[in-house]
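Novice: All chains, full assembly: derive it from the sequences and hints.
There are 2 protein chains.
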Amino acid sequence: MTLHPLDQNDVLAAKKAAFQIPEGVIYLDGNSLGVLPKHVPDRLQEVVTREWGTSLIKSWNDHSWIDLPQRVGDRIGRLIGADKGSVVACDSTSVNVFKVLAAALSLRPDRKVILSDNGNFPTDLYVAQGLQALLDKGHELKIVAPEDVEAALNEDVAVMMLTQVDYRSGRVHDMAGLTQLAHDKGALAIWDLAHSAGAIPVNLSGAGADFAVGCGYKYLNGGPGAPAFLYVAPHLQEEVASPLAGWMGHEAPFAFDLDYRPVTGVSRMTVGTPAILSLSSLHAALDVFEDVDMNDIRQKSVSLSEVFIQEVERQCPQLELGSPRDPQARGSQVSFRFDDGYAVVQALIAEGVIGDFRAPDIMRFGFTPLYLSHKDVVDAAAILADILATRRWDKPEFKTRAKVT
Amino acid sequence: MTLHPLDQNDVLAAKKAAFQIPEGVIYLDGNSLGVLPKHVPDRLQEVVTREWGTSLIKSWNDHSWIDLPQRVGDRIGRLIGADKGSVVACDSTSVNVFKVLAAALSLRPDRKVILSDNGNFPTDLYVAQGLQALLDKGHELKIVAPEDVEAALNEDVAVMMLTQVDYRSGRVHDMAGLTQLAHDKGALAIWDLAHSAGAIPVNLSGAGADFAVGCGYKYLNGGPGAPAFLYVAPHLQEEVASPLAGWMGHEAPFAFDLDYRPVTGVSRMTVGTPAILSLSSLHAALDVFEDVDMNDIRQKSVSLSEVFIQEVERQCPQLELGSPRDPQARGSQVSFRFDDGYAVVQALIAEGVIGDFRAPDIMRFGFTPLYLSHKDVVDAAAILADILATRRWDKPEFKTRAKVT
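Sequence order for the protein chains is A and B.
All residue numbers for the first sequence refer to the numbering used here, where the first residue is 1 and numbers rise by one.
All residue numbers for the second sequence refer to the numbering used here, where the first residue is 1 and numbers rise by one.
Keep in mind the hints are simulated off the structure, nothing from the lab.
One or more of the hints may lead you astray.
If chains are identical, the list can't say which one is meant, so a pair holds when it fits in one copy or spans any two.
Dumping the calculated DSSO-like pairs for lysine-lysine here, alpha-carbon to alpha-carbon at most 27 angstroms [claimed, not checked]:
#, residue 1, residue 2
1, 403, 84
2, 185, 142
3, 58, 395
4, 58, 399
5, 112, 137
6, 16, 58
7, 375, 58
8, 112, 185
9, 403, 112
10, 16, 112
Computed from a predicted model, the values in this text were never measured in an experiment.
Specialist: This is how it looks when you write it as structure tokens:
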């Protein structure tokens with residue numbers, strides 16, 4: 001096997017060995033579900049058989065289960081430019097969106113507009129719609145095109161709520177710039193980092209973001225449905241209340257008082273008993289990032305995606321690039337549009353190249369520099385080209401939509 | 001080893017072998033964290049290495065991850081008298097309380113009282129307080145003594161929200177009777193089954209309960225922080241909206257529409273991506289219940305707790321029973337009150353008898369008929385008596401409060 005020239009000086013090359021990549025698979029879907037880090041099964045087994053099985057209830061103290069949301073939060077915080085003690089890992093991204101959106105609206109009681117864009121992941125918008133209906137106070141969810149967010153920022157806007165990296169196109173918003181513009185108008189900024197955390201360098205603190213949420217199971221490799229995370233800027237932590245006031249966010253959960261009193265800090269945004277098994281998997285998965293510089297990840301991500309675009313465009317003229325051409329305007333994923341994209345993606349999967357499809361016509365490929373090489377992406381492009389050239393996608397079995405796409 | 005006479009005809013005796021009980025431990029804390037079923041580690045390992053590690057993203061379809069909340073829900077439903085398709089396993093109990101309470105209030109828009117009692121688990125009350133503050137519509141959380149609930153039911157009450165089995169005393173509410181009284185006044189009934197599910201026979205459907213929630217990590221043995229469950233009565237499922245409108249509750253989550261449209265049935269109460277690892281552990285743990293009749297569990301539970309009370313009262317006159325004396329009025333736990341209860345519980349734990357403590361003076365012992373014998377409870381009572389007689393609890397190391405009690 002000859003090395004691709006760009007793989008020769010890859011400072012992250014050794015990291016691939018930390019992951020269990022199935023034989024014969026080129027996995028371009030780490031933006032949907034990250035690959036299993038090899039040490040996670042043993043670690044989880046230890047949590048199950050030793051901590052749960054043997055120490056049982058004592059593990060809440062002896063194995064610090066009780067602090068796991070904060071410990072995982074701090075590990076993630078390091079990757080997204082958050083101060084220590086500003087991030088907790090808990091619940092799902094959707095539930096966390098609810099918490100930060102309700103908290104943000106309560107800080108701007110005289111304003112009624114929640115501004116978002118149509119590149120936001122739909123669940124964020126659904127959560128906003130649900131909250132709107134629940135509050136029944138005349139809030140308006142204003143959904144504009146991503147490029148129109150800036151113009152839509154005005155003094156009616158209570159909260160600007162955006163996903164930094166578009167889940168389909170990979171388009172990146174200017175977090176610092178838009179946050180500043182929102183603040184200039186007196187609005188608060190919520191950032192969803194689902195496709196950012198572990199994928200690109202993020203500096204929440206530097207950008208002045210007020211709130212953020214994100215996902216543990218994509219680029220952070222925490223496992224299917226891994227707990228999400230939530231950030232509250234330090235200066236807001238004592239001001240905000242969680243709409244989901246649960247015992248884990250109480251000042252003294254084991255006093256069993258009848259009255260809720262929020263604990264100091266971001267921990268007040270935790271709610272119920274943490275899902276220790278899923279959270280332990282995420283905690284262990286983050287080991288892989290401990291000695292990694294997000295700038296190295298970014299550099300390789302750009303290189304991988306540039307090579308992929310170049311190879312696909314050279315060999316597949318029938319495909320249309322669905323992502324920004326400027327790598328600085330993209331996250332760590334690339335989309336190509338094709339009417340029969342669903343079938344093409346199924347054909348690719350059948351041949352070991354795993355990407356995914358997003359309606360109506362988007363073939364989506366994620367680039368995870370920790371476990372992909374340039375050779376991988378060149379090979380993937382070649383297989384894609386061959387499938388298109390031979391129309392191997394044009395089979396009934398590739399056209400039947402599965403429940404989860 | 002001689003069998004205790006009552007262990008000789010124990011129809012559940014063989015079940016103990018299904019659990020990993022640590023050597024030298026008598027575990028009377030299954031009401032706080034259930035013991036590890038022996039087959040769970042292998043099953044979880046399979047989910048991690050084969051489903052996540054090898055099938056990766058395809059497992060959402062190929063291993064039906066996407067239906068796991070419903071599949072686990074139906075298994076739990078069988079234990080609590082819920083129709084198929086009425087229960088989902090998701091999120092934490094606290095988050096689920098929020099969902100059903102908000103949904104219930106929306107069905108009684110002209111009423112302002114949430115009625116609960118001071119035997120409710122505090123997080124349920126905290127959630128109600130948080131929702132009250134969020135809605136800001138003049139709702140009143142009325143907290144009465146458990147015996148005063150009936151008298152407090154009137155036509156101002158929108159929702160009666162109770163935990164069936166008191167987490168400290170084990171006192172059981174009459175679910176069918178109180179639900180009927182609530183309905184007579186036009187109120188809805190929410191039942192928290194945290195200390196009921198898997199502990200006592202429950203018949204949600206027969207009792208006419210409107211909503212219920214409960215816990216996966218206590219008597220159901222799902223593992224630390226296992227996902228909780230949520231029940232909506234069939235006739236209400238199409239009427240209610242979830243205040244946490246997330247993509248998993250959408251009619252077509254993978255259409256990625258910008259507008260929320262709830263799916264039919266109880267699944268609309270799911271929110272974000274399910275925590276597959278924690279949920280898989282709970283799913284596997286429920287295997288143990290597949291061939292079990294809840295009436296057998298109840299019969300043995302009463303027998304265990306009666307023997308325990310008898311043995312403790314005979315040997316420990318300094319302790320005061322903190323639970324109803326009538327076994328029909330108790331769940332599957334027994335409490336004794338003692339001023340230095342915290343230290344006594346720590347001394348017990350040091351000698352392998354694991355119970356827990358609840359402020360201010362409650363020593364709490366849970367009875368889990370699947371993995372406890374009468375000999376276990378007789379031995380536990382003898383050790384307790386000996387610790388009291390010798391004052392072995394009276395040591396500084398037993399008086400320092402841990403973070404989690």
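Novice: Run every hint past the structure and note whether it holds.
Specialist: So, going through the hints one by one against the coordinates:
1. 403 x 84: between (40 angstroms within a copy, 21 angstroms between copies)
2. 185 x 142: For residue 185 and residue 142, the Cα distance is within 27 angstroms only inside one copy (16 angstroms; across copies 41 angstroms).
3. 58 x 395: between (56 angstroms within a copy, 19 angstroms between copies)
4. 58 x 399: Between. Shortest inter-copy distance 16 angstroms satisfies the 27 angstroms Cα cut-off; intra-copy 52 angstroms does not.
5. 112 x 137: both (8 angstroms within a copy, 17 angstroms between copies)
6. 16 x 58: between (36 angstroms within a copy, 21 angstroms between copies)
7. 375 x 58: Between copies only: 24 angstroms across chains, 49 angstroms inside a chain, cut-off 27 angstroms.
8. 112 x 185: within (14 angstroms within a copy, 37 angstroms between copies)
9. 403 x 112: neither (37 angstroms within a copy, 41 angstroms between copies)
10. 16 x 112: Neither way: residue 16 and residue 112 sit 48 angstroms apart in one copy and 58 angstroms across, limit 27 angstroms.
The structure shown violates the earlier hints numbered 9, 10.
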